Every structure is written in C-alpha cells, then in structure tokens.
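Line order of the protein sequences matches chains A and B. Read in order, the letters of the first sequence are residues 1 to 458 in the working numbering. Read in order, the letters of the second sequence are residues 459 to 790 in the working numbering.
Please note that the accuracy of each hint is not assured.
[To be verified] Which residues of chain B face chain A? A few of them, derived with a C-beta cut under 8 angstroms, are:
{"hint": "1", "residue": "Val469"}
{"hint": "2", "residue": "Gly518"}
{"hint": "3", "residue": "Lys639"}
{"hint": "4", "residue": "Val641"}
{"hint": "5", "residue": "Phe642"}
{"hint": "6", "residue": "Met648"}
{"hint": "7", "residue": "Asn652"}
{"hint": "8", "residue": "Leu658"}
[Claimed, not checked] Here are the simulated lysine to any residue pairs, SDA-like style, with alpha carbons at most 25 angstroms apart:
{"hint": "9", "chain 1": "A", "residue 1": "Lys108", "chain 2": "A", "residue 2": "Gly69"}
{"hint": "10", "chain 1": "A", "residue 1": "Lys396", "chain 2": "B", "residue 2": "Thr482"}
{"hint": "11", "chain 1": "B", "residue 1": "Lys654", "chain 2": "A", "residue 2": "Ser327"}
Since the hints were made in silico from the structure, they are not lab data. What you are looking at is a predicted structure, and each value in this text was computed from that prediction instead of being measured. Where a beta carbon is used, it is the ideal one built from N, C-alpha and C, also for glycine.
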Amino acid sequence: MAENKEILLRCSKIVKEFSGNRVLDQVDFDIRKGEVHSLCGENGAGKSTLIKIISGIYPKDDGVIYINGNPVDIHSRQDSTANGIAVVYQELSVMTTLTVAENIMAGKELTKFGFLQKKQMNRRVQDLIDKYDLGLKATQRVAELSTAGRQVVEILKALITDASLIIMDEPTASLSYKESEALFKIIRSLRDNGVSILYISHRLDEVYMLSDRITVLRDGKLVGVFDKEAEGGIKPDEVIQAMVGKSLSTERQKELTPGSGKVVLDVRHLSHRGYFNDISLQVHEGEILGIGGLVGAGRTELLRSIFGVDPVTAGEVTYLDQPISRSIRQNIKSGIGFISEDRRSEGFVPQLSVEQNAEMINFGAVSSFGVLSKAKERARAKKMIEEVNLHPADPKYKVANFSGGNQQKIVVGKWLIHNCKLLLIDEPTVGVDVGAKSEIYKIIEDMAANGAAVIIRQ
Amino acid sequence: MQKKIYKFAKVFIIVAMLIWMAVTSFGSFYTVSNLSSILMSAALLGIMACGMMFPLLVSGPDLSVSGAMAVGGMVAVKYITSHGGTTSSFVTGLLLALLAGALIGAVMGAAIHYFNLPSFIVTLAMQYVLYGAAQIGLKSKVVCSSPELFCKLGNGRLFGFPIPVYVFLVFVVLTVFLMHKTVFGRKSFMFGGNRKASVLCGIKGAPVAILVFAYSGMAAALAGVIMAAMNQQASATAGTGYDTNVLLACVLGGGSMGEGIGSAGGAVYGAIFVALLNNCLRIASVPSLYQEMIVGVLIIAAMAFENYFKAKASGMHWSRRKKKVEDTRDFA
Numbered sequence: 001m002a003e004n005k006e007i008l009l010r011c012s013k014i015v016k017e018f019s020g021n022r023v024l025d026q027v028d029f030d031i032r033k034g035e036v037h038s039l040c041g042e043n044g045a046g047k048s049t050l051i052k053i054i055s056g057i058y059p060k061d062d063g064v065i066y067i068n069g070n071p072v073d074i075h076s077r078q079d080s081t082a083n084g085i086a087v088v089y090q091e092l093s094v095m096t097t098l099t100v101a102e103n104i105m106a107g108k109e110l111t112k113f114g115f116l117q118k119k120q121m122n123r124r125v126q127d128l129i130d131k132y133d134l135g136l137k138a139t140q141r142v143a144e145l146s147t148a149g150r151q152v153v154e155i156l157k158a159l160i161t162d163a164s165l166i167i168m169d170e171p172t173a174s175l176s177y178k179e180s181e182a183l184f185k186i187i188r189s190l191r192d193n194g195v196s197i198l199y200i201s202h203r204l205d206e207v208y209m210l211s212d213r214i215t216v217l218r219d220g221k222l223v224g225v226f227d228k229e230a231e232g233g234i235k236p237d238e239v240i241q242a243m244v245g246k247s248l249s250t251e252r253q254k255e256l257t258p259g260s261g262k263v264v265l266d267v268r269h270l271s272h273r274g275y276f277n278d279i280s281l282q283v284h285e286g287e288i289l290g291i292g293g294l295v296g297a298g299r300t301e302l303l304r305s306i307f308g309v310d311p312v313t314a315g316e317v318t319y320l321d322q323p324i325s326r327s328i329r330q331n332i333k334s335g336i337g338f339i340s341e342d343r344r345s346e347g348f349v350p351q352l353s354v355e356q357n358a359e360m361i362n363f364g365a366v367s368s369f370g371v372l373s374k375a376k377e378r379a380r381a382k383k384m385i386e387e388v389n390l391h392p393a394d395p396k397y398k399v400a401n402f403s404g405g406n407q408q409k410i411v412v413g414k415w416l417i418h419n420c421k422l423l424l425i426d427e428p429t430v431g432v433d434v435g436a437k438s439e440i441y442k443i444i445e446d447m448a449a450n451g452a453a454v455i456i457r458q
Numbered sequence: 459m460q461k462k463i464y465k466f467a468k469v470f471i472i473v474a475m476l477i478w479m480a481v482t483s484f485g486s487f488y489t490v491s492n493l494s495s496i497l498m499s500a501a502l503l504g505i506m507a508c509g510m511m512f513p514l515l516v517s518g519p520d521l522s523v524s525g526a527m528a529v530g531g532m533v534a535v536k537y538i539t540s541h542g543g544t545t546s547s548f549v550t551g552l553l554l555a556l557l558a559g560a561l562i563g564a565v566m567g568a569a570i571h572y573f574n575l576p577s578f579i580v581t582l583a584m585q586y587v588l589y590g591a592a593q594i595g596l597k598s599k600v601v602c603s604s605p606e607l608f609c610k611l612g613n614g615r616l617f618g619f620p621i622p623v624y625v626f627l628v629f630v631v632l633t634v635f636l637m638h639k640t641v642f643g644r645k646s647f648m649f650g651g652n653r654k655a656s657v658l659c660g661i662k663g664a665p666v667a668i669l670v671f672a673y674s675g676m677a678a679a680l681a682g683v684i685m686a687a688m689n690q691q692a693s694a695t696a697g698t699g700y701d702t703n704v705l706l707a708c709v710l711g712g713g714s715m716g717e718g719i720g721s722a723g724g725a726v727y728g729a730i731f732v733a734l735l736n737n738c739l740r741i742a743s744v745p746s747l748y749q750e751m752i753v754g755v756l757i758i759a760a761m762a763f764e765n766y767f768k769a770k771a772s773g774m775h776w777s778r779r780k781k782k783v784e785d786t787r788d789f790a
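Take the sequences, apply the hints, and build the full model.
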C-alpha cells in the first residue's frame with residue numbers, strides 16, 4: 001500500500017556548507033502524501049539545516065527539490081508557502097493580545113473597501129477548526145490559551161495557506177504529557193485528511209508511535225530510511241544504531257576507574273520541582289562522571305541547580321564535606337567551575353580580549369585593592385593560552401574573532417588555570433569541530449588526572 | 459585596516475573643521491578668547507561625557523545629567539550662601555553637591571537593576587524630578603560671588619587656560635583609571651558585554667549598575683557646580699540641553715547603548731568634537747535654529763557611520779537585508 005502513495009516532496013543530493021564545514025552531504029529525502037515522516041539524528045546531524053532549506057530560510061549549495069515531481073526553486077519563505085510548505089516553529093510566534101482568527105488571518109485579512117470583514121474571517125477560521133476538530137473558538141483571545149492551544153493556532157496558520165506539508169520542529173518540547181496526546185490526535189487527523197507531516201523530535205518514543213517512516217541523518221549524511229509498512233516494522237534498536245553510528249565501538253574509550261579518592265561532591269535526593277526529582281550522586285577526586293538522558297530530562301537543570309544558578313526545592317548537596325553555598329560567587333571561590341552549554345550567550349564576553357575573559361572568574365589573582373595589574377593579567381593569559389593550545393595565541397585578540405572550537409578552549413581554559421576542584425560541564429562540544437573536540441576532551445581528562453572531579457553532560 | 463580608516467576619519471573630521479574655520483573666518487575663530495571658550499564648553503561637556511560613558515557601557519544613556527547639574531549647582535550655592543561664603547563652606551558645599559549627584563545616580567541604578575527597568579525611561583523621569591526639585595529650591599535666582607575660590611573655579615585662569623580645563627583633565631585621568639585599570643571598570647565592560655556570562659562567572663550586577671550611575675550623577679553635579687561658578691549664580695534651567703549634547707559626545711566617541719563598548723578617550727574626543735562643532739556653527743553664523751537641526755542629523759549620521767565600520771571590521775555585512783548566512787549556531 002505504501003508503494004502506491006504518491007511522493008509529495010523529494011530532495012535530491014542536497015548539499016549545504018557553512019564556511020567550509022559540510023553540514024549536509026548529498027542528502028536524498030522524500031515525503032509521501034498523507035504520511036507522518038520523522039527526521040532523526042543527533043545534535044549537529046543536519047536536521048534543522050535540512051528543514052531550513054526546505055522552508056527557504058537557507059539557500060542550498062547544490063541539489064534539487066521536487067514537489068509533485070516538478071523541480072522547484074525555493075529561495076524564501078514566500079516561495080515555500082506558495083509551494084504548500086508550512087513550518088510550525090519551536091518558539092511560538094503568536095500575538096497574544098489578538099484573537100485566534102486575527103492571528104491566523106494576519107497578513108491575509110479579508111477586506112471590503114479597505115474595511116476588515118471580521119465575520120467572514122471568523123467563519124472561515126471556525127470552519128477550519130471544525131474540519132479538523134481542533135476544539136478552539138475563532139473569537140477567543142490567544143492570551144487565554146495554554147501553550148498547547150497556541151501550538152494549535154500555529155498549526156492553523158499553516159492550514160489556512162492550504163499547506164500540503166507541515167513541518168513540526170520539536171512541537172512537544174514545552175507540552176505536558178496530556179497536551180502531547182492531544183497534539184498527536186491532531187497530527188493523525190491531519191494525516192488522514194491527506195496532509196503530510198515532517199516531524200522532528202528528540203523524544204524517540206513519540207517518533208516510533210507517530211511515524212509512518214523515519215529518515216535518519218548522521219553528520220550530514222543520510223544513513224537510513226525506516227518504513228512502518230516494511231517487514232517487521234520499525235525496530236527502535238536499528239534507528240538508534242543508525243543515529244549514533246558504528247563509531248560507538250571505535251570512539252575514544254577511557255579506562256573506567258571508579259574514584260577511590262575523596263568524595264568531592266555528594267548530592268542527596270536533590271529536586272527542583274518540574275525539572276528533576278530525587279537525584280543522588282557522588283563524585284570523587286580525579287573522577288569524570290557522565291550524565292546521560294534525552295533532551296528535557298533535566299540534565300542541564302541539575303548542573304545549574306548544583307552550581308547555584310537555579311534554585312533547589314528539596315534535597316541537599318555537600319561539597320568537600322561542607323554544605324554547598326547557594327551563591328555562584330562563593331562556589332567559584334571555593335573551587336567549583338561551571339561551563340554552560342550555550343557558549344555564545346553564556347560563555348564569554350565577545351568584544352573583550354582573551355586575557356580579559358580569562359580573568360573574569362578571579363579578579364583577585366590579577367588585581368590588588370581593585371586595581372588591575374597588566375603584568376599579572378598577561379602572565380595569566382599566556383599560561384592559559386599555552387595550556388589549551390589556543391590559536392591564534394594572542395592574548396589581546398578579541399574572543400569574538402576566534403573559531404567556535406577556540407572560543408570553547410578559552411571557556412574551558414579559564415577554569416583550568418583557576419585550578420578547580422570540581423568542574424560542572426554542560427555539553428562542552430556544541431558546534432565545535434572534530435579536532436578541537438578531541439583537544440577539549442584531552443584538557444578535561446588532564447584536569448581529572450590532576451585530581452579534579454568532573455561532571456559532564458553529553 | 460577598516461579600523462584604521464575609521465580612526466583616521468574621526469581625526470580627519472576635526473582637522474577639516476579647523477581648516478574650514480581657518481579659510482572662512484580666521485580672524486574670529488583663531489583668537490585666544492574664542493579658543494578658550496571652546497575649551498570651556500568642551501570641559502563641561504567632557505566631564506559629563508566621561509561620567510555618562512559608564513552607564514552607556516552597562517545599561518544605556520543617563521538623561522538625568524541636566525537635572526543633576528541643576529541640583530548640584532543648587533546644593534553647592536545654597537550651602538555656600540547660607541554659611542557666609544567662606545572657603546571652607548565652599549569645599550563642604552562642593553563635596554555635598556558631589557554626594558547628592560552620586561546619590562541621585564545610585565537611586566536610578568538601583569531602580570534600573572532591581573526592577574529591571576529601561577535606563578532610558580528611568581533617567582528621563584529622574585530628569586523631571588530633579589528639574590522640579592531645583593525649581594522648588596531656587597524660587598528666585600541665588601547669586602553667589604564669594605568666596606574667591608568659587609569664582610575662580612568658574613572664571614579663573616592658570617597659565618592662560620581656564621580653570622575648568624584643569625578640572626576636566628583631572629577628571630579624565632580619574633575616568634581612564636577607573637574604566638581601564640580597575641576591577642570595577644572591567645566588570646562594567648563585562649556586565650554590559652554579556653550579562654549572563656558575567657553572572658555565571660560570579661560577578662554581581664547590582665554594585666556595577668549602581669556605581670556606574672552614581673559616577674555619572676557625580677560628574678554631572680561637578681559640572682553643575684562649575685556652571686554655577688561661571689555664572690556666579692545657581693539657576694534651575696542652567697543645564698538645559700546638556701543631556702543630549704553629552705549623549706551626542708558619547709555616541710560620537712563610540713559609546714554603545716549598554717553593550718559593553720566605549721572608552722574614556724572616546725568621551726574626550728566626543729566632547730571636543732561637539733564643543734568645536736557648536737562653536738564653528740556659531741562663528742560661521744549659522745542661525746541657531748539650523749544648528750539644532752544639524753546636530754540632530756549628525757547624531758544619526760554618526761551612529762550609522764559607527765555601525766557601518768563596526769560591522770565591516772567584524773567581517774559581517776552592515777545592511778540587514780544583505781546579511782550573509784554565516785550563523786552556524788543552529789546546526790542541529
């Protein structure tokens with residue numbers, strides 16, 4: 001039956017490069033009419049880039065997109081809308097002070113002699129809502145709606161343009177379990193009405209449950225297409241295998257030596273309501289502890305709560321046999337370091353130089369009575385540059401002008417020369433090229449070898 | 459390279475103005491009295507621009523400076539006249555005025571930081587409050603012509619230069635030191651440059667936000683006392699128009715709107731530029747109505763110029779429409 005279904009959109013040999021970095025490499029991809037098709041892959045696999053090319057946000061470097069068998073040029077959002085492609089974004093773009101109908105008809109208002117035809121617009125939107133049984137009122141204000149309701153408004157915005165393909169990027173990221181269920185019902189109803197859905201989610205159980213087919217990308221290449229209708233259906237193990245790749249066995253392996261040293265951090269029954277619940281763990285001197293889990297599992301939040309950025313609702317943490325402070329400043333003083341996953345917005349001050357960024361966490365080391373010492377600053381920066389092998393090795397160079405990998409080396413390096421006893425790392429290698437990646441891992445391993453305890457979220 | 463052109467262009471404009479004056483009205487521009495009046499107004503502007511550069515690093519312009527000038531002048535003059543115009547009363551009055559300015563700034567900084575308000579609005583509102591306070595305090599003009607030290611602060615000369623110029627120089631040295639050599643200055647750059655990263659590095663925002671506005675308020679109060687000494691009286695409207703002129707000086711000097719960009723040298727350059735420009739327009743007998751228009755156009759041109767070169771220097775395209783897709787942030 002699946003073979004009979006017509007192909008709605010086909011991408012052939014799509015190539016995309018960002019400053020020499022090949023993000024999509026000859027990717028073939030197709031979506032049939034009236035199917036839910038999931039796109040899977042790890043961070044950096046090229047999922048977002050692919051949907052941005054399909055929806056006209058990025059130009060492609062090579063390849064062809066066919067819709068209903070005809071090659072099309074998609075250069076802008078307008079082009080993709082004209083070709084029946086609509087995107088429901090992660091961050092909702094609804095205007096909360098307007099009604100549902102006003103939001104949906106925004107930019108396509110019906111007018112007569114320049115006057116808005118409110119009744120007709122409301123009726124048209126209500127008809128659409130009723131057709132797919134979405135349970136909203138056209139005259140409701142969006143401010144009254146829950147996140148899930150706003151998501152439905154976004155979907156309606158797609159439907160009003162007669163979209164034949166709706167792309168949903170992590171639609172359940174901010175929904176509760178119950179709201180997600182309602183969304184799945186809507187997705188199925190759309191599919192049964194002949195609309196194709198391109199679904200992207202990190203939650204694999206949803207993907208298995210919803211998808212008719214799954215396409216897996218890894219490092220910008222197509223690694224497999226899995227079909228529910230195929231013999232044996234979709235096997236979760238195979239999908240995960242494809243996502244992670246064979247490299248699992250060849251990837252750098254570390255001798256696992258559970259710490260025998262002193263307990264540096266002891267977390268007991270720690271909770272932050274709504275994010276994570278009842279976490280207990282211990283890290284010893286010289287130990288690297290990895291925290292695994294899916295997106296939204298609370299890994300980032302756990303690290304932030306330990307460091308004192310986010311609050312704690314229950315449980316306790318002891319650091320070197322003392323209860324940990326709730327003040328970031330105090331924690332840094334006592335030798336705890338934290339590296340955020342969002343390097344650009346939380347990692348460094350772009351317009352300041354390497355040496356100025358290096359001293360951010362410890363002004364005491366480079367100043368006396370509040371007056372900075374140029375010599376001490378320079379010496380400290382030189383030491384850091386040497387230890388992390390920074391390129392270019394210029395302490396006066398602005399951090400904004402470094403490559404992503406070298407920026408991350410600065411972020412890690414400033415904790416390195418601070419001689420941390422405990423380092424909390426939230427995904428240290430986002431957007432970092434392979435070479436710098438292994439250098440950064442090496443730095444972290446060296447820190448552990450020197451007796452620091454490390455918690456790393458990968 | 460781009461940076462060099464930019465720096466060169468900045469100096470070039472000043473040189474061009476000087477040449478223009480030399481060609482068109484040498485006799486009236488290049489006189490001792492005219493040059494020293496340029497220096498006087500540059501000094502007043504410069505003191506306040508040095509002050510305002512700090513809040514511009516951290517959160518935005520301090521529009522209350524004209525009000526703080528009036529209050530500073532009022533506090534000093536009232537204290538001096540009510541204590542018999544002795545030299546010691548002058549010193550105390552000056553210190554009280556500086557303290558008042560710093561307090562005004564601290565209140566604004568605290569409001570901006572703790573209630574997360576836009577500095578533009580808070581300082582504008584404070585300007586109204588301060589004007590009101592000065593008008594209540596100075597129902598009639600308060601004349602003050604003693605002690606001698608007070609008059610000298612406004613009109614005295616040392617080695618041929620007006621005293622305010624020396625005050626300005628001392629203030630510049632203080633600002634360079636604070637901004638570029640101390641932990642406080644560095645924290646201001648960091649907090650403005652990346653608030654989140656600074657917090658994660660254990661930098662507390664409140665002291666920075668409060669101190670930068672306190673410094674700006676203090677600078678404005680100092681300028682207010684000098685202004686009162688020049689006129690030998692305190693007036694509630696003496697500072698009118700200085701807020702925009704100081705902001706213009708800072709913007710011309712490369713100050714950002716709370717993005718951690720700026721320098722003390724930029725404030726000095728901007729102050730000299732604005733003082734020179736105002737003087738040139740007057741000497742060239744441009745009607746004062748047109749002068750205001752020209753100043754307004756200049757603010758916009760300076761900002762556009764600045765942005766153009768900043769974007770060029772960082773390798774990005776300056777126009778939004780032609781922005782290259784080089785953002786590799788959202789690979790995933």
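Verification of the supplied hints:
1. The restraint placing valine 469/B at the interface with chain A is violated, with a minimum CB-CB distance near 23 angstroms, outside the 8 angstroms limit.
2. With a least beta-carbon distance of about 17 angstroms to chain A, the hint placing glycine 518/B at the interface is violated under the 8 angstroms criterion.
3. Checking lysine 639/B against chain A by beta carbon gives a least distance of about 6 angstroms; that is within 8 angstroms, so the hint holds.
4. The interface hint given for valine 641/B holds, since its Cβ lies 5 angstroms from the closest Cβ of chain A, which is under the 8 angstroms cut-off.
5. Taken as an interface hint, phenylalanine 642/B checks out: its beta carbon lies about 6 angstroms from the nearest beta carbon of chain A, inside 8 angstroms.
6. A hinted interface residue such as methionine 648/B counts as satisfied when its beta carbon comes closer than 8 angstroms to some beta carbon of chain A; here the least separation is about 5 angstroms, so the hint holds.
7. Given hint, asparagine 652/B at the interface with chain A, holds; its Cβ is 4 angstroms from that chain's nearest Cβ, closer than 8 angstroms.
8. Satisfaction of the interface hint for leucine 658/B is found here, the shortest Cβ-Cβ separation to chain A being roughly 6 angstroms, below the 8 angstroms cut-off.
9. At most 25 angstroms may separate the alpha-carbon atoms for a hinted pair to count; lysine 108/A and glycine 69/A exceed this at roughly 29 angstroms.
10. Of the pairs offered as hints, the one joining lysine 396/A and threonine 482/B is violated, with about 45 angstroms between alpha carbons and a cut-off of 25 angstroms exceeded.
11. Distance restraint check for lysine 654/B and serine 327/A: the Cα-Cα separation of roughly 15 angstroms lies within the 25 angstroms cut-off, and the hinted pair is therefore satisfied.
In summary, the structure is inconsistent with hints 1, 2, 9, 10 from the numbered list given earlier, while agreeing with the others.
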